[in-house]
Amino acid sequence: MLKAYLLVAAAVFAIGLFGVLTRRNAVGILLGIELMLNAVNINLVAFAWHHGDITGWIFALFTIAITVAEVAVGLAIVIVIFRVRRTIEADHLTLLRG
Amino acid sequence: MTGEAIGLLVVALALLGSSLGVVLAKNLFHSVLWLAAALVATAGLFLLLHAEFLAAAQVLLYAGGVVTIVVFAIMLTERLVGQTLRQMNRGVGWGTAVAAVVFGTIALVVVRAPLPPAPVGESAATTAALGRALLTDWVLPFEVLGVLFVAALLGAVYLARVEE
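Protein chains in written order, with the numbering used here: chain R, 1 to 98; chain H, 1 to 164.
I should point out that these hints are in silico values taken from the structure, not numbers from a laboratory.
Heads up, some of the hints might be wrong.
List of simulated lysine to aspartate or glutamate pairs, DMTMM-like, C-alpha gap at most 20 Å [what the hints assert, rightly or not]:
id: 1; chain 1: H; residue 1: K26; chain 2: R; residue 2: D53
id: 2; chain 1: R; residue 1: K3; chain 2: H; residue 2: E4
id: 3; chain 1: H; residue 1: K26; chain 2: R; residue 2: E89
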């Protein structure tokens, strides 16, 4: 039963990775990152349940909280980029390209 | 099949379907709504794993908080809300390949890994135990988390405020 949860989490992680790699919009990339972090949480909770140990839950709780902070700062950065460059297409944001 | 297996199958299908919706939706706004569905489905998985408190936190923080912020960000940055633009970049082929390889590798390891048998008897993982652990063994990370929240809040407000 644990392996089923782990496989579901792996599939969600891969889908999120696909989103991060293929989305043009910076907000879309952030959504992909959300999916990947979510998949990690499923793994943590599944292992916590399998071992009957509370630590996995605590890690998942911290991950959820840190993700929320990350999204707030990330979206603020996206809004700043939009204000300066009038676009959030990741392909057009090449200021740091060597 | 047992009831738990049927529940897992239903919730997993809902989760995978809405996850695909997140990355494939043509309209970014629909993508966020699919994300909300995926996060609620994840809360369903947490319920199946007897993590009721985490399921509640997931719905409140993720499906409530994150989705609301993302909707606001989209409305602020999309000049044409509702318009269907080309959302994929040129790397769709590569993206699919990389995602498939990552999933294949993880799945291979998971399927072949020897897992210890589940302990029998009453599980020690309860919400009461979680609360006790959070305020005894994990109290320092817990407080640091509060500091992180204040820092993120101030940082987000500072970045997004309108210059005078």
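Notebook entry, point to check: So which of the earlier hints does this model not fit?
Noted result: 1
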